[in-house]
Amino acid sequence: TWEKPLRMREPDAISSARQQHDVAIQRQIYRQFIFFRQWSKLRAHAHANNIKIIGDIPIFVAHDSADVWANPHLFHLDEVGMPTVVAGVPPDYFSPTGQLWGNPLYRWDVHANDGYAWWLKRIKATLDLVDIIRIDHFRGFAGYWEVSGTAKTAEIGRWVPGPGKDFFSSILQSLGDLPIIAEDLGVITPDVVDMRDSFELPGMKILQFGFDSTPVDPFLPHNYPVNCVVYTGTHDNDTVRGWYNRVPEKDKALFRSYMDRDGSNVNWDLIRGVWSSVGVFGLAPMQDFLNLGNDARMNYPGNPSGNWIWRMPSNAQSPDLQTKIMQLNYLYSRQSTASGNGN
Numbered sequence: 012t013w014e015k016p017l018r019m020r021e022p023d024a025i026s027s028a029r030q031q032h033d034v035a036i037q038r039q040i041y042r043q044f045i046f047f048r049q050w051s052k053l054r055a056h057a058h059a060n061n062i063k064i065i066g067d068i069p070i071f072v073a074h075d076s077a078d079v080w081a082n083p084h085l086f087h088l089d090e091v092g093m094p095t096v097v098a099g100v101p102p103d104y105f106s107p108t109g110q111l112w113g114n115p116l117y118r119w120d121v122h123a124n125d126g127y128a129w130w131l132k133r134i135k136a137t138l139d140l141v142d143i144i145r146i147d148h149f150r151g152f153a154g155y156w157e158v159s160g161t162a163k164t165a166e167i168g169r170w171v172p173g174p175g176k177d178f179f180s181s182i183l184q185s186l187g188d189l190p191i192i193a194e195d196l197g198v199i200t201p202d203v204v205d206m207r208d209s210f211e212l213p214g215m216k217i218l219q220f221g222f223d224s225t226p227v228d229p230f231l232p233h234n235y236p237v238n239c240v241v242y243t244g245t246h247d248n249d250t251v252r253g254w255y256n257r258v259p260e261k262d263k264a265l266f267r268s269y270m271d272r273d274g275s276n277v278n279w280d281l282i283r284g285v286w287s288s289v290g291v292f293g294l295a296p297m298q299d300f301l302n303l304g305n306d307a308r309m310n311y312p313g314n315p316s317g318n319w320i321w322r323m324p325s326n327a328q329s330p331d332l333q334t335k336i337m338q339l340n341y342l343y344s345r346q347s348t349a350s351g352n353g354n
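With the numbering used here applied, the sequence shown corresponds to residues 12 to 354, in that order.
Some hints could be false.
[Said to hold, decoys possible] Below are the BS3-like pairs computed for lysine-lysine, each with C-alpha atoms no more than 30 Å apart in a straight line: (1) K132 <-> K15; (2) K135 <-> K52; (3) K335 <-> K263.
Note that these hints are calculated values from the structure, not bench results.
Using the sequences and the hints given, assemble the complete structure.
Next comes the structure, spelled out in C-alpha cells:
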C-alpha cells in the first residue's frame, strides 16, 4: 500500500519517488521502448501480408491502475482515493449473488464536459498498436450496474444510464471512423441494440452458444445479420472440443442435425460453420484449429489464477493445417486481397 501523500499525488511525494526509484523507472522505460519497437515491426510485417490485428479494450479499468491514480477526478472516488461505487453484474440464473467486478465507475458528466478527452487518448493509443478494437462490455455505455464501494456482493445495486450515443458521436467526430467491434453478449436491451446499430458497429456471435436452444436461436448462422463478427468461441469459452465433451446430449444432437455431421470432427465443423456464415469477419482460436481440449482453454472468468498460460507450440503450423485454412478461406471468399481487405 502506498503512503497517502504519494497515493494522493502530492507533488513533493511524486518528486521524491522519482528520485528514489530512478533506476527502476529507467529500466521500465527501456523495456517499454523495446516492446514498442518489436511490436511496430510485427505490425508492419502483418500489414505487408494484408493482416489486420484486433485488440481489446475493457470498458472499465482497475482501481490500482495508472489511469485511476493519474486521473482521480474522472472516477467516483472518496477523499482518500477509494471507490464510492464499483462495477458489477446483477444476479442471474448462473450467479445468485451477481458478479462484483470492483472497478471504479466513471464520472461520465466530467468526461462529457471535456469531450471524452481521456477516452479519446485511450482509443488513439490502442489504435497505434492494433487496427480494430473490440470493446468489452459494450452494453455499459448504454447502462451499467452500480454497486456500493463497500459491498461484498453485487446483489444490491442499480442500473445507471451510460453516456450512450453522445460518447460514440464524439469519438466518431474526432477519429472520422469507428473501427470497433461491439462485445454485445449477455443481457442486451433495445437501447444497446440501437446504440450499436446507429453507428453500424458489428456485434458478436458465438457459434458454440447456438446449440442449447432451438433453431430460432440468434447464435445459429441462418439467423445472423451480415454486420456481425462470428467466433467458434472466444478466450472466455471452452475450446470447441472441450465444449462438445461437456455439453448434454440434446445439445450434441442439435449440433449433429444442424451441421449434418456425426461429431467426429467437431472443431472443423464449427470452423466451417463460422467461415461459411454471412458475418463480416470469422474468427477461431488457434486451439480450435489444433483440436485441443479444455486443458488449452485460455481464460476462466472469475478465476484469479491459471489463466492466459497456454502457448502455441512452435511446430503447430504444419503444412497440412496451412493448406486446410487456405482452402476454407478460398471456398468462402475469406482470403486476404491485395487491397488489404481480408476477413
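Checklist entry - Which of the numbered hints above does this structure break? => result Those not satisfied: there are none.
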